[in-house]
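Participant: These are the residues of each chain, in order.
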Amino acid sequence: MAILDVRNLTLRFGGLTAINNLSFAIEDNSITALIGPNGAGKTSAFNCLTGFYKANEGEILFCGKNLMRKRPFKITESGMARTFQNLRLFKNKTVLENVMSGMHCRCSAGIISSILRLPAQRAEEKKTREFSEECLEFVGILDQKDRLAQNLPYGDQRRLEWARALATQPKLLLLDEPGAGLNYDEKKELIDLIKRIRRELGITILLIEHDMGLVMNVSEKIIVIDYGQMIAEGTADEIKNNPRVIEAYLGKDEEEAV
Amino acid sequence: MSAENPKVMEKEIQKPLSPGRFTDMLYELLGNKRIRYSVYAALVITALVIPSFADNYVLEVFTNAYFYIILCLGLNIVVGYAGLLDLGYAAFFAVGAYTTGILTSQFGFNFWLTIPFSILFSVIAGVIIGGPTLRLRSDYLAIVTLGFGEITRIAARNLEITGGASGLIGIDRPMLFGMRLYQIHHFYFLFFVLVILAIFISHRLYNSRLGRAWEYIREDEDAAEAMGIDRVRYKLYAYVMGAVFGGVAGSFFAVKMTAISPQTFLFTQSAMILLAVVLGGMGKIQGVIVGALLLVFFPEIFRGIGDMRMLVFGIVLLIIMVFRPQGIWPTRRS
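If you read the sequences in order, they're chains A and B. According to the numbering used here, the first sequence is numbered sequentially starting from 76. According to the numbering used here, the second sequence is numbered sequentially starting from 116.
The hints are simulated quantities; they were obtained by calculation from the structure and are not laboratory data. All figures in this text were calculated on a predicted structure; none of them were measured in a lab. Where is the CB? At the ideal position from N, CA and C, for every residue including glycine. Careful: at least some of the hints might be erroneous.
[Stated by the list, open to error] If we take Cβ atoms under 8 Å as the criterion, some of the chain B residues that face chain A in the derived model are:
#1 Y255
#2 R319
#3 L320
#4 S323
#5 E334
#6 D335
#7 E340
#8 G343
#9 Y352
[Unchecked claim] Quick list of the computed label-pair ranges, beta carbon to beta carbon:
#10 K315(A) / Y142(B): 55 to 63 Å
#11 L191(A) / F428(B): 33 to 41 Å
#12 G256(A) / N147(B): 37 to 45 Å
The shape of chain A in the complex, shown without the other chains (with noise of 0.2 Å):
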């Protein structure tokens, strides 16, 4: 069953399509890859996706619902969670707080209980404390919950950033260029990462990479888009021969141009 289902999503910047008429689907418990080169609208979708962009037509249906024209926060609320490609961390708050962050859609105390401290506003501020040192521990910098975001190591930052999408129970995650800027044995350590998140969370993953080496090996499904466009869908070594794909990258060969 499909946990996402795009149709015919179109995104215009005035006279600039940046999607065209683009629809793909998303198997419930899967790992699929968005790739394209640069400019392609990888990102553009995402945030059309996650409600940051309002796509001019086409539907969104993710887990029956339709998530078209909804603001960012009901989209994450609805169970779809999304990490950045240029990290946004909360730089002056801690590591657990920036975790907590995530909790903050599942819970509800309002003014009148957090002044009165009620019980049920403190069971909440314990589990979402737990709740958070338990997605630093699946990530694996729990030892580092009182530093400040902004002190962390640059690949420790990216690790809290996907504690903090997982902090909000996410049935669907989305991760903008997780292995940006990542050496290659923090890559080994994310691909592993990736498929735990799979496998122990059941959590359905949808990412953008442009490191193939990484991509062919975690995603069980690649979608490549151009000019906005779907130009092929498959495996790994359906997409390696397709020759459109190798055009988009590669350009068209000089003959056959002319």
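Use these hints to put chain B onto chain A, whose structure you have.
Facilitator: Chain B in isolation, oriented as in the chain A frame:
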């Protein structure tokens, strides 16, 4: 140059009493729970015994300082916690003061019964100003709030029910446990209780899901929204909480002064409250209190030098902001 460098660095480290080092020491000291609570207890006891020896003038100044602490803590929720600029905070204080003034003098309400109304109207005012403006970026927000402050004041000057330019006079003194509150030490204790309440509420809100949501929004709105935080709603909450603090303080101000007029709610009032919050340290309860105390005490202490004191006050503020832009007692950034 390379030979000199270590020396310079050593000098930096050993700087004896720079403000940074001083607050570090203070933090270390207050980091210990026992010491912290003893210091707080000592401060509360001092505040409680002041009326037994101080004269009416000193009590008046302290009561005024307490009043400003409440206002500053209220504005701190908006500016310090949620990071929204508000240049019209006096408007909320006016709403509370006029609500109490009108209900007691023209409708014969008991003072204590006017407080729920004061809260209600402050909330409405907070929603009116917050609702349409919260999608604006900070600089536009500043202009709109400035306008809102002025509209409130000018409306109060021109409406009949608010007594026009001369305002309302003869607002009834409140009764408490069968005793009429009219002497300055009555109000001293009344405002002291309000300060404790304001600190308590600020502290609880800050250390809750709401306080965190405000801080996430202040740090990075988009990331906060991506984590499932409804930024419009929580910004509105910040405005409403700030408005309630201002409104309640205004109600008590009205019965303490027994007279209010539009002149009380000038833009300078809003600016002074904001100044105290920024000066003390945005988002830090202790800092905001220090800022409010400085705001009230400084001009009083230097009353001897006449009008010059505002000039000196201005220069002192300038110096503090140049050398300590994060405020006297800011939130900790390790």
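Participant: Can you give the numbers of the hints that this structure goes against, from lowest to highest?
Facilitator: Per hint list: single violation, 1.
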